[in-house]
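Asker: Chains as they are written, first to last, in the numbering used here: chain A, 1 to 44; chain B, 1 to 191; chain C, 1 to 189.
No lab work stands behind these hints: they were computed from the structure. Hints should not be assumed to be uniformly reliable.
[Stated by the list, open to error] Which residues of chain C face chain B? A partial, calculated answer using Cβ under 8 angstroms:
hint : residue
1    : 36
2    : 37
3    : 39
4    : 43
5    : 48
6    : 57
7    : 58
8    : 69
9    : 152
10   : 155
11   : 159
Don't be surprised by glycine CBs; every beta carbon is placed ideally from N, CA and C.
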Amino acid sequence: MTERNSKDAQLAALLGAATILAGAAIYWWGQIQSVRELLEMAYG
Amino acid sequence: MDSVFAYKRSAILLLLIALCAGFALSDLRIDTWAALLPFFEWMETTPFGVIGKTWGAAFAAVEAVHLLSMAVLGGAVLVGDGRLLGWVFADQPLRQVQDQCHRVFVWSLAVVVFTGVFMACGVAMKIYYLPVFWYKMLALATGTLFAFFIRRPLVSAPGEIAPVTRRLVAVASVVVWFSVAATGRWIGFSG
Amino acid sequence: MNQWIYDFAVWLDTHAWSTGLHESYYMYNWIESTHVITLMLSLGMLFLIDLRMLGWALPQVPASTVAKRLNVPMLVGFSVMIITGVLLFYAIPVRTAQSLWFRIKVVLLLAAALNAWLFHRRMQAAPAGWDTAPRAPSGLRLGAGLSLAFWALIVLCGRFIAYDWFDCNAEPGDVIGVLAGCTPGQTQF
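Using the sequences and the hints, build the whole thing.
Answerer: Laid out in structure tokens, this is it:
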């Protein structure tokens, strides 16, 4: 039983971590892009 | 053969992610935001809100405590995740280090949230209209749920953890808490 | 002394890079954010060492192991703090040099450095086997407590620098004016 619980915990961890990393990548990429666009508008 | 019930935690997680995605992409998000306006207006009228708005030194002092507890939380997260990656205390038992870091993490999280609520009351109407505040809340909720319901069961369950899982969890944990801190700092520069 | 500090700050202020840094919204805020967020590395590690000495964190890991292993990331963190801190001072030299809170912060930083040096000496002089106990000997506990107190006040002063209660152009009164280093007839603030 503990063996199965541990498998579940590992799968959930993998899914959760992947979701966080994907979400953070999208958020920070968007932030960097918007700052870059602003700076390009200001300085060409 | 594993039944679906053996993967309860993973199933709940997937359901939660689907619900969050549906919420974010539907009008429900805007409706909920609009419905929360009276709550944020009320926050400014609470004693915390009144003190935070009228007594600058008190607000700054609470902010300093917020930063200090953030430092302790960061220390606990970095050491715990550093141990998962095998960068610090590699010769110390994994579960022992995780247990002790988790205790520090819980205490510092309590202080961070308490001082955070105080500060939020003082600037409730400002943050209500700041997207970065809502991103911070999303990151904070994600980080807290991840820490208690995913990372914690993983490191306290018996048996080996696959190296890929161990590394991904550690990096995700550091990334999510960095995001909470960084978006929080940006609240101060905005509005 | 105050005149010399004022002249030095005014000289720094004439640098084009100082003005550029001050006026660059993203660069200044990026450095400021790095300064604040690196607290998680520098003070995060330092506080864990201090809390270990007091028996409040990682009680089962030997105290000397905690102090030794967390030392390197802590020093990396403090290096970033110093670099970003100097840049923040360089961006706004005159007002910062004449900030009462900045001056208290510098004194406290020196006190914290002295305390850290004494702590290190005490740790090396401690009798063998001290570090497996959940709490360190009283001398080290005192040093850890002082470290926590100094750094709490340093963060508080750092946060207070942003407020203009005692700025020289607000004419803060004689005593605070001297402590803050306000110079009679100064033209820059």
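Asker: If a hint holds in the structure, say so; if it does not, say that too.
Answerer: Quick rundown of the hints versus the structure:
1. 36: Hint on residue 36 of chain C: holds, closest Cβ of chain B at ~6 angstroms, below 8 angstroms.
2. 37: holds (5 angstroms)
3. 39: At about 4 angstroms, which falls below the 8 angstroms cut-off, the nearest Cβ of chain B leaves the hint on residue 39 of chain C intact, so it holds.
4. 43: holds (4 angstroms)
5. 48: This hint holds: residue 48 of chain C lies near chain B, its Cβ roughly 5 angstroms from the closest one there, short of 8 angstroms.
6. 57: OK, holds: residue 57 of chain C within 8 angstroms of chain B, min 5 angstroms.
7. 58: holds (5 angstroms)
8. 69: holds (5 angstroms)
9. 152: Result: holds, 6 angstroms to nearest chain B Cβ.
10. 155: Result: holds, 5 angstroms to nearest chain B Cβ.
11. 159: holds (5 angstroms)
Violated hints are absent here; each numbered hint is respected by the structure.
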